[in-house]
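Number of protein chains: 2
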Amino acid sequence: MVGVNAAEDTRAAGELDPTIAARLKRDSAGLVAAVIQQYDTGEVLMVGWMDDVALHRTLTTGRTTFWSRSRQSYWVKGETSGHGQAVREVRLDCDGDTLLVKVDQTGPACHTGARTCFDDRVLLSGDER
Amino acid sequence: MVGVNAAEDTRAAGELDPTIAARLKRDSAGLVAAVIQQYDTGEVLMVGWMDDVALHRTLTTGRTTFWSRSRQSYWVKGETSGHGQAVREVRLDCDGDTLLVKVDQTGPACHTGARTCFDDRVLLSGDER
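From first to last, the protein sequence lines stand for chains W and G. Here the first sequence is numbered in the numbering used here, starting from 1 and rising by one per residue. Here the second sequence is numbered in the numbering used here, starting from 1 and rising by one per residue.
The set of hints was computed from the structure by calculation and includes no laboratory data. Since this is a predicted model, take the numbers as computed values, not measurements. Glycine residues also receive a C-beta, built at the ideal position from the N, C-alpha and C atoms. A portion of the hints provided could be inaccurate.
What the hints assert, rightly or not - Not close to chain G: a few residues of chain W, all C-beta gaps over 10 Å, as computed:
(1) GLU15
(2) PRO18
(3) ARG26
(4) GLY30
(5) GLY42
(6) MET46
(7) GLN72
(8) TYR74
(9) GLY78
(10) VAL87
(11) LYS102
(12) ALA114
(13) GLY126
Unchecked claim - Footprint (simulated), chain W over chain G, 3 or more residues, beta carbon under 8 Å:
(14) 40 to 54
(15) 80 to 94
(16) 106 to 118
Unchecked claim - Just the calculated beta-carbon pair ranges, DEER-fashion:
(17) G/LYS25 <-> W/GLU15: 30 to 38 Å
(18) G/VAL76 <-> W/VAL76: 20 to 28 Å
(19) W/ASP95 <-> G/ARG63: 20 to 28 Å
(20) W/THR80 <-> G/VAL76: 26 to 34 Å
(21) W/GLY42 <-> G/VAL76: 20 to 28 Å
(22) G/SER81 <-> W/LYS25: 19 to 27 Å
(23) W/THR61 <-> G/THR41: 38 to 46 Å
(24) W/SER70 <-> G/GLU15: 38 to 46 Å
(25) W/GLY14 <-> G/GLU79: 16 to 24 Å
(26) W/ARG71 <-> G/VAL76: 33 to 41 Å
(27) W/THR112 <-> G/GLU15: 34 to 42 Å
(28) W/ARG71 <-> G/GLU79: 36 to 44 Å
Could you put the whole structure together from the sequences, leaning on the hints where they help?
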């Protein structure tokens, strides 16, 4: 089992498991969408973007890490706000271009202070139909 | 109110409400991500992509319409499979690049026959943590 352990060590150093990497269908910027869902209530909290490194960190640190398309840098949710996301489960969709990450959110998920990033802008509500 | 009704008529003919269009932050292909969620159970069923026309059709027909990036064409969920999505609510996120669409799904949401597109590929499960 020495070989397996050596491979594990390499991955822990920062490289995404190649069997997972092979299943990803990245966009032209090397990213997949990550839907972040509160594990117990089912609330969709936010959507972020991950490249291989961000996904590796999310899988191995237990904290969600994203790639910011506007700032062109990695960010760990809650690192500055304290409103972190403890990772409970990570799934990949059927065509490999979207992740579903179930988390336990501390405090509000949105930078506006709202519980979720979808709280404030309703385009169509059940009442209208 | 004649003017308002005329505007409504124009929109019904295929143009997205300009006040909504102004709030969208589209990617380089003119698309926003759309997270599709079962309205009552909270299951995340799938993620698709919408441009202005697909969003307009989703808002006005009550059926989800997407833009297929691989086929470069519009598709209405369930049009061929019968497994459609009746739209209950549509929300836009805080930075305008993601929609949350709550639906009532008929049958399986995934083309594989699974209930959701996230059923089969678990990268990290609660049992491992």
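Handout entry: Earlier hints that do not hold, by number
Key = 5, 6, 10, 11, 12, 13, 18, 20, 23, 24, 25, 27
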